[in-house]
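Novice: Single-letter residue listing:
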Amino acid sequence: MRSPLVYTLSISVYATAWTFYGAVGSAARNGLEFVTIYLGPTLVFIGWWWLLRKLLRIGQTQRITSIADLISSRYGKSATLGVVVTLLAVIGSTPYIALQLQSITTSLSVFSPADTGFSNANVSAFWIAAVLAVFTILFGTRNVDANERHHGVVTAIALEAVVKLFALLAVGIFVVWGIGDGPAGIFSRMSPEMLHTESIFGPRWVALTFLSATAIITLPRMFQVTIVENSDERHLATASWAFPLYLFLMSLFVLPIAIAGQSILPEGANPDLFVLTVPLAEGQNALALLAFLGGFSSATSMVIVAAIALSTMVSNHIVMPLWLRYGADRVSTSGDVRNVLLLSRRMSIAGLLLLGYFYFRLTGGSSALASIGLISFAGVAQILPSLLGGIFWRSATRTGALAGLGAGFALWAYTLFLPSFEGSFILSSATIENGLFGLSWLRPQELFGLSGYDPLVHSMLWSLGINTALFVGLSLVVTPRQLERIQGAQFVDVFRQSDSGSSGIVIRRSATSEDLFTLAQRILGTMPAHRLFTQAAQEQGRPSGLPEPTDDFIGRLERELTGSVGAASAHAMVSQIAGGGTVSVEELMKIADETAQIMEYSQQLEQQSRELAETAKKLRQANAQLTELGAQKDAFLSQISHELRTPMTSIRSFSEILQSEEDLTTEQAQRFVGIINAESQRLTRLLDEILDLSFLESGRVKWNLAPVSLDKVIDHALASVEGQRAESEVKILRRGDRDVTVQADFDRLAQVFINLLSNAIKYGRSDDPQITIHVRKVGKIAMIGVIDNGVGIRPEDREKVFEKFSRLSEITLAGSAGLGLPISREIMRNLGGDLTVEENAPGAVFRITVPLASSRGSRAPS
Amino acid sequence: MKDNDNDLAERAFRRRRRQDAALVLPIFGIVMLMTPVLQLFSRDTLIFGAPLPFVYVFGMWILLIVLASRLSRMLTKGDEGE
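Top line first, the protein sequences correspond to chains A and B.
Using the numbering used here, the letters of the first sequence correspond one by one to residues 1 to 862.
Using the numbering used here, the letters of the second sequence correspond one by one to residues 1 to 82.
What the hints contain is simulated information worked out from the structure, not anything from laboratory work.
Be aware that a few hints might be false.
[What the hints assert, rightly or not] Simulated crosslink set (EDC-like; lysine to aspartate or glutamate; CA at most 16 Å straight-line):
no.: 1; chain 1: A; residue 1: Lys780; chain 2: A; residue 2: Glu729
no.: 2; chain 1: B; residue 1: Lys77; chain 2: A; residue 2: Asp834
no.: 3; chain 1: A; residue 1: Lys777; chain 2: A; residue 2: Glu803
no.: 4; chain 1: A; residue 1: Lys712; chain 2: A; residue 2: Asp745
no.: 5; chain 1: A; residue 1: Lys633; chain 2: A; residue 2: Glu803
no.: 6; chain 1: B; residue 1: Lys77; chain 2: A; residue 2: Glu233
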């Protein structure tokens with residue numbers, strides 16, 4: 001039931017009993033003037049592209065629930081403005097509701113001529129008000145909709161719109177073709193002065209059109225059906241011409257009915273009832289009943305929608321803030337709030353109808369319908385400057401709106417509303433006549449001596465004039481708060497923010513999740529945000545997609561963001577997205593981007609300082625290494641010179657002896673030459689070793705890697721040290737696996753074994769010296785232990801043995817050049833194995849590891 | 001490719017012109033009904049048996065409605081087309 005047709009018909013709640021009965025009355029009194037009330041809305045609707053489209057878009061993006069909400073939200077969520085607009089709307093609508101009560105009461109009296117007594121009219125008005133209140137409460141406040149939409153009510157209103165149009169058309173057709181003979185016939189009955197031809201166009205004509213154009217925007221019930229109840233922007237495009245057409249059809253027969261009433265009925269008949277009395281006078285009781293139903297529909301639909309719209313405003317802007325302030329400790333349960341809302345709305349509806357009834361009683365039900373309606377129009381028209389300024393002018397401020405509305409409201413009340421009671425309410429008739437405190441320039445209907453105007457035009461000039469002047473003037477002077485500026489940009493630039501027409505609550509809800517995700521992404525980074533949201537979605541039992549923005553989740557997200565942007569900002573951002581979007585996502589993105597940029601910048605700084613610290617540390621390490629290397633080099637050089645000096649000294653001293661001593665025996669000479677020979681051999685060996693080591697360390701050695709039989713290597717090594725061994729009477733035992741093939745360089749591996757064995761023979765001294773060679777295969781390597789039973793190596797010396805020229809304790813390595821072990825270790829590491837010293841057992845234990853040859857044969861060395 | 005560009009530019013142009021028309025229509029209505037233009041037609045003359053002001057106001061009214069209906073169709077069609 002959400003078609004453009006239903007939407008259009010629901011807007012025609014504009015045509016109330018005032019239209020149905022009052023237009024004819026107005027036509028009978030003032031001629032063509034009645035059309036202004038319908039031309040204004042026509043101009044607004046055919047100009048929908050200007051204003052209504054924007055209002056609708058703002059209403060949807062900002063989730064506006066009423067005209068008070070719109071004004072309050074635009075000016076920085078001002079609670080004060082919400083209250084002011086609500087009060088203004090309530091007071092402004094009261095005459096209007098009274099008007100409906102009056103029209104139903106008087107139309108009822110037509111059908112029961114016997115009860116023309118005044119008290120009876122009051123009683124029936126009361127019961128009508130009571131029944132309408134009950135009806136509205138039953139259908140309008142069944143539940144609290146998040147969007148304040150009431151589809152059922154809207155459909156009912158649309159149906160009533162059809163009834164009233166049908167009824168009025170039926171009466172009109174009967175009048176034109178039943179009473180007169182076609183249009184020409186009925187117009188020929190018209191009295192010549194009825195149209196007021198000479199004075200059709202004038203200030204009142206323009207003022208009334210302007211008022212009605214304003215009313216279609218600012219009347220709470222019109223805002224309700226046009227903006228709040230709208231479900232699709234395209235419906236408005238249809239209504240832009242269909243609603244004017246409806247008004248056109250409603251107005252078409254007004255003048256003929258007025259003419260017929262004046263010509264048929266006796267002088268003094270109430271023109272407001274011509275729609276009923278003309279058919280009755282012609283004996284068309286069924287038609288009169290239909291007309292009565294049409295009038296009843298018009299009145300009830302207006303009262304219902306107005307009561308719903310106003311009760312929403314009262315409960316949202318007056319009751320809830322008070323309840324939250326004084327009953328905040330009860331907020332814990334959400335059902336509680338709902339009940340408070342429903343109760344406050346029901347109470348407001350009853351209260352509003354009661355107010356309408358009192359107005360009816362006070363004015364005595366005597367005023368013409370049209371003038372009562374115009375008082376309402378002029379009242380709610382005070383909202384117009386703030387509304388238009390709010391959506392087209394970014395600089396409009398809360399202070400300006402508040403001052404303009406307040407002054408306009410006061411002036412309207414003083415110059416139009418209170419005088420309408422004709423002295424029975426607050427202002428006495430003497431005050432109305434002579435001015436407040438008898439000051440003539442304060443006369444309500446000739447304020448500051450402005451006379452000669454119709455009271456309505458007079459009131460409009462003052463109230464709207466001062467209202468607009470204060471609004472614009474103060475807006476130009478006062479600096480708006482931040483939230484006002486943001487909201488101002490939101491409202492004025494609503495079309496720049498979202499080009500795709502959003503429709504429906506579902507999309508917007510999921511958009512909230514999306515917005516939250518985008519926000520989180522900007523602040524936390526893509527991956528953490530993704531993780532957070534996915535996890536939350538899974539916890540909510542959703543296999544994929546974004547999580548529902550539940551309170552738990554939002555709270556959690558806020559905590560996550562707090563870590564990044566601080567608690568206050570995080571709360572502001574999240575609550576503004578989750579809480580219905582007072583601030584645009586774009587704005588938040590901007591904040592988030594700025595924060596992210598600052599964070600990124602500081603991260604870069606941190607990174608840089610970290611890098612600097614790292615570099616400094618590395619430099620220090622390098623420096624320490626260099627110093628150490630320098631020290632090592634010094635030590636190495638002094639060691640080497642020492643090592644070289646020892647043989648050189650003995651060679652020199654013996655050669656000097658040979659040279660200087662002439663009485664040497666051949667034996668002695670032989671011995672000395674032998675020593676010189678041995679020492680020079682030792683010198684050569686030492687130099688060879690130094691060369692070898694530097695060669696190994698520089699990595700320029702060519703390795704002949706091949707599968708090598710370990711047995712053969714050991715055999716070779718044993719053969720090499722055989723002379724030494726025999727000399728020291730050492731026993732050499734071979735244990736463990738045999739037939740082990742390793743991947744190695746035969747000569748180099750043999751060199752290592754020779755070195756280890758000769759060391760073991762040299763230093764492994766004991767009473768019964770014995771060396772064990774133990775071979776074992778472990779996984780893909782071979783482990784060979786060379787174990788002697790000497791005194792072993794002290795734990796603190798175990799690593800030192802691999803240092804160049806290290807001097808171990810005198811006992812173990814006395815006089816050793818000490819390059820053998822460093823060379824051996826270098827060789828083993830180049831072969832892909834290692835050489836280590838193990839714990840004493842009890843003698844020294846050297847362990848060689850070397851990779852086994854792969855079964856498929858040799859592989860190229862790496 | 002060139003044709004397509006032309007077509008898009010042409011469509012954008014037409015769309016903008018439709019929007020301009022939507023903005024002009026209410027101004028036209030205001031000029032015809034809310035200015036002394038109306039005074040011109042406020043005479044005690046009968047047209048088709050009806051007074052001239054009546055015929056003028058209601059005729060202008062229905063003309064505005066017809067124009068608005070055409071415009072609204074064009075505007076919504078334009079929305080869907082793009």
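Novice: What hint numbers does the structure not satisfy?
Specialist: Of the numbered hints, 1, 2, 3 do not hold.
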